[in-house]
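Protein chains: 2
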Amino acid sequence: MNLSSKYLEDAVNALASLPGIGKKTALRLALHLLNQPEEKVGEFASSVTQMRKNIQFCKTCHNISDSDKCLICESNRRDKSTICVVEGIRDVMAIEDTSHYRGLYHVLGGIISPIEGIGPNDLNIASLLERAAADNIKEVIMALSPTIEGDTTIFYISKLLQKYNVKVTTIARGVAFGGGLQYADEVIL
Amino acid sequence: MNLSSKYLEDAVNALASLPGIGKKTALRLALHLLNQPEEKVGEFASSVTQMRKNIQFCKTCHNISDSDKCLICESNRRDKSTICVVEGIRDVMAIEDTSHYRGLYHVLGGIISPIEGIGPNDLNIASLLERAAADNIKEVIMALSPTIEGDTTIFYISKLLQKYNVKVTTIARGVAFGGGLQYADEVIL
Numbered sequence: 001m002n003l004s005s006k007y008l009e010d011a012v013n014a015l016a017s018l019p020g021i022g023k024k025t026a027l028r029l030a031l032h033l034l035n036q037p038e039e040k041v042g043e044f045a046s047s048v049t050q051m052r053k054n055i056q057f058c059k060t061c062h063n064i065s066d067s068d069k070c071l072i073c074e075s076n077r078r079d080k081s082t083i084c085v086v087e088g089i090r091d092v093m094a095i096e097d098t099s100h101y102r103g104l105y106h107v108l109g110g111i112i113s114p115i116e117g118i119g120p121n122d123l124n125i126a127s128l129l130e131r132a133a134a135d136n137i138k139e140v141i142m143a144l145s146p147t148i149e150g151d152t153t154i155f156y157i158s159k160l161l162q163k164y165n166v167k168v169t170t171i172a173r174g175v176a177f178g179g180g181l182q183y184a185d186e187v188i189l
Numbered sequence: 190m191n192l193s194s195k196y197l198e199d200a201v202n203a204l205a206s207l208p209g210i211g212k213k214t215a216l217r218l219a220l221h222l223l224n225q226p227e228e229k230v231g232e233f234a235s236s237v238t239q240m241r242k243n244i245q246f247c248k249t250c251h252n253i254s255d256s257d258k259c260l261i262c263e264s265n266r267r268d269k270s271t272i273c274v275v276e277g278i279r280d281v282m283a284i285e286d287t288s289h290y291r292g293l294y295h296v297l298g299g300i301i302s303p304i305e306g307i308g309p310n311d312l313n314i315a316s317l318l319e320r321a322a323a324d325n326i327k328e329v330i331m332a333l334s335p336t337i338e339g340d341t342t343i344f345y346i347s348k349l350l351q352k353y354n355v356k357v358t359t360i361a362r363g364v365a366f367g368g369g370l371q372y373a374d375e376v377i378l
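Each protein sequence line maps, in turn, to chains A and B. Quick note, the first sequence lines up with residues 1 to 189 if you use this note's numbering. Quick note, the second sequence lines up with residues 190 to 378 if you use this note's numbering.
Isolated chain A, as found in the complex (with noise of 0.2 Å):
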């Protein structure tokens, strides 16, 4: 595409630069800006500065956090014998929107996967097994993704945990074989 401004390009192929944006959308996306006032540009890009310098992820549970313990694992009114094992952030958001689950989380940063090379080294796995060590810890619900890769993973840090004393449960499997947790709606969690 001939953009006839270089400044336009730049933005474009920032835009475009994000998943599942095209070189057509990014277009699309950049004549939008442009139409807007100066200001309102400026605060949206410095939010996306602002959350990519400030975000810190919690040393507990590894959710993100405006500080480096989140508000899950510091509040009172969560019980802290139970520890949710998911694989992302988003997990989490999926299971808080459903006010359901009152437990604290941990967030593996993904599962085990051979094809896309994440190994279980990769994972916040050795952390897990520290809180799981603390007496306080009574049970670990792990809730991974119902696919081969999340048995895998479950099997896995089942097995670890074996030799501390927690139990180790499952989410039940209502969630369709395949599907990933972050597209389940209130409902089916």
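These aren't lab readings, by the way, just hints derived from the structure by calculation. Ideal Cβ positions, reconstructed from N, Cα and C, are used throughout, including at glycine. Be a bit skeptical, because a hint or two may be false.
What the hints assert, rightly or not - Calculated lysine-lysine pairs in the DSS-like style (CA-CA distance at most 25 Å, straight line): (1) B/K195 to A/K53; (2) B/K195 to A/K69; (3) A/K23 to B/K195; (4) B/K229 to A/K23; (5) A/K6 to B/K242; (6) A/K40 to A/K53; (7) B/K269 to A/K40; (8) A/K53 to B/K242; (9) A/K53 to B/K258; (10) B/K213 to A/K24; (11) B/K229 to A/K53; (12) A/K40 to B/K229; (13) A/K40 to B/K213; (14) B/K242 to A/K24; (15) B/K195 to A/K59; (16) B/K195 to A/K24; (17) A/K24 to B/K212; (18) A/K40 to B/K348; (19) A/K23 to B/K242; (20) A/K6 to B/K212; (21) A/K6 to B/K248; (22) B/K229 to A/K6; (23) B/K213 to A/K53; (24) A/K40 to B/K356; (25) A/K23 to B/K212.
To be verified - So these bits of chain A aren't anywhere near chain B, every CB distance computed over 12 Å: (26) K6; (27) R28; (28) E38; (29) V92; (30) S113; (31) G119; (32) P120; (33) N124; (34) S127; (35) A134; (36) D135; (37) P146; (38) D151; (39) K163; (40) V166.
The hints should help you fit chain B onto chain A, whose structure is shown.
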């Protein structure tokens, strides 16, 4: 959605304000940016603000430009006797991509549409008449979308151009009626 971080929430809201991007997609984009190096996110943000800050519109044809006169109007290799009237910047890009048109452009900034409240005074018509009054212009090609609104605009502008010594033509109607010009490819145009 419970996002557990004000920074993430701001970024998601900013991304969701773009056309065609909902909350779930915005969250996906925000988490993608979160996984990028801080430097890359900074470049992303600055390319958008730089675009908004520095892009100018050509004072002659209202096309986007890096200075107050666009490269097409300034070029010595263009046919200065022909003006192609288009609705928006994307139409200029579409026609330029064919490399077959050698004349100048005039960007109206929309078409007459009573439903959307766009009247003749909201468009760059006065400056088109000024240009048509100049001696060197021999032909004005109306390359508007083949819709009712496009035809109305062509009729309105053609009437105004009658008093000037210019030939008014329209592009051949090979484009399907109701289709937007910016989606037409090189072959159709």
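Taking the hints in turn, this is what the structure says about them:
Note on B/K195 and A/K53: the hinted pairing holds, with a Cα-Cα distance of about 13 Å set against a maximum of 25 Å. Distance hint between B/K195 and A/K69 is fulfilled; the C-alpha atoms sit about 14 Å from each other, no more than 25 Å. Between the alpha carbons of A/K23 and B/K195 the distance comes to roughly 30 Å, so the proposed pair goes past 25 Å and is violated. Between the alpha carbons of B/K229 and A/K23 the distance comes to roughly 19 Å, so the proposed pair stays at or under 25 Å and holds.
Simply put, A/K6 and B/K242 have alpha-carbon atoms about 13 Å apart, close enough for the 25 Å limit, and the pair holds. A C-alpha spacing of about 20 Å is found between A/K40 and A/K53, which places the hinted pair at or below 25 Å, so the restraint holds. Distance restraint check for B/K269 and A/K40: the Cα-Cα separation of roughly 38 Å exceeds the 25 Å cut-off, and the hinted pair is therefore not satisfied. For the suggested pair A/K53 and B/K242, the alpha carbons sit about 23 Å apart, so the restraint of at most 25 Å is met.
Only pairs whose Cα atoms come within 25 Å are accepted, and A/K53 paired with B/K258 is rejected, the gap being roughly 38 Å. Restraint check for B/K213 and A/K24: satisfied, since their Cα atoms lie roughly 21 Å apart, inside the 25 Å limit. With a CA separation close to 12 Å, the supplied pair B/K229 and A/K53 stays within the 25 Å bound. This hinted pair checks out: A/K40 and B/K229 have alpha carbons roughly 21 Å apart, not beyond 25 Å.
For the given pair, A/K40 sits about 22 Å from B/K213 by alpha-carbon distance, which is consistent with the 25 Å threshold. Between the alpha carbons of B/K242 and A/K24 the distance comes to roughly 22 Å, so the proposed pair stays at or under 25 Å and holds. In summary, the hint linking B/K195 to A/K59 is supported, as the alpha carbons are separated by about 18 Å, within the 25 Å threshold. Note on B/K195 and A/K24: the hinted pairing is violated, with a Cα-Cα distance of about 31 Å set against a maximum of 25 Å.
With a CA separation close to 21 Å, the supplied pair A/K24 and B/K212 stays within the 25 Å bound. For the suggested pair A/K40 and B/K348, the alpha carbons sit about 40 Å apart, so the restraint of at most 25 Å is broken. A distance of roughly 22 Å separates the Cα atoms of A/K23 and B/K242; the hinted pair therefore holds under the 25 Å criterion. As the CA atoms of A/K6 and B/K212 are separated by approximately 30 Å, the hinted pair breaks the 25 Å bound.
Our distance criterion of 25 Å between C-alpha atoms is met by A/K6 and B/K248, whose separation comes to about 18 Å. For a cut-off of 25 Å, the pair hint linking B/K229 to A/K6 stands: about 18 Å separates their Cα positions. At roughly 22 Å between alpha-carbon atoms, B/K213 and A/K53 fall within 25 Å of each other, so this suggested pair holds. With a C-alpha separation of about 43 Å, the suggested pair A/K40 and B/K356 falls outside the 25 Å cut-off, and the hint is violated.
A threshold of 25 Å between alpha carbons decides the hint, and for A/K23 with B/K212 the separation of about 21 Å falls inside it, so the pair holds. Here A/K6 does not stay apart from chain B, with its beta-carbon only about 6 Å from theirs, under the 12 Å limit. Annotated as non-interface, A/R28 brings its C-beta within 12 Å of a C-beta of chain B; the closest such distance is 7 Å. With a least CB separation of 5 Å from chain B, A/E38 falls inside the 12 Å interface cut-off, contrary to its annotation.
Listed as outside the interface, A/V92 is inconsistent with that label: its C-beta sits roughly 7 Å from the nearest C-beta of chain B, within the 12 Å cut-off. With a cut of 12 Å on Cβ distances, A/S113 stays outside the contact zone with chain B, its closest approach being about 16 Å. With 12 Å as the threshold on Cβ separation, the claim that A/G119 sits away from chain B holds: the shortest Cβ distance comes to roughly 19 Å. Taking the minimum C-beta to C-beta distance to chain B, about 20 Å, the non-interface status of A/P120 holds against the 12 Å cut.
With a least CB separation of 15 Å from chain B, A/N124 remains clear of the 12 Å interface cut-off, as annotated. The claim that A/S127 is not at the interface with chain B holds, since no C-beta of that chain comes within 12 Å of its own (minimum 19 Å). Even its closest Cβ contact with chain B, about 23 Å, leaves A/A134 beyond 12 Å, as expected for a residue assigned away from the interface. Here A/D135 stays apart from chain B, with its beta-carbon at least about 27 Å from theirs, past the 12 Å limit.
Even its closest Cβ contact with chain B, about 20 Å, leaves A/P146 beyond 12 Å, as expected for a residue assigned away from the interface. The beta carbon of A/D151 sits about 24 Å from the closest Cβ of chain B, which is more than 12 Å, so the claim that it is off the interface holds. No beta-carbon of chain B is positioned within 12 Å of the beta-carbon of A/K163; the least distance is around 32 Å. The beta carbon of A/V166 is kept farther than 12 Å from every beta carbon of chain B, the shortest such distance being approximately 25 Å.
The structure fails hints 3, 7, 9, 16, 18, 20, 24, 26, 27, 28 and 29 (numbered hints given earlier, in ascending order).
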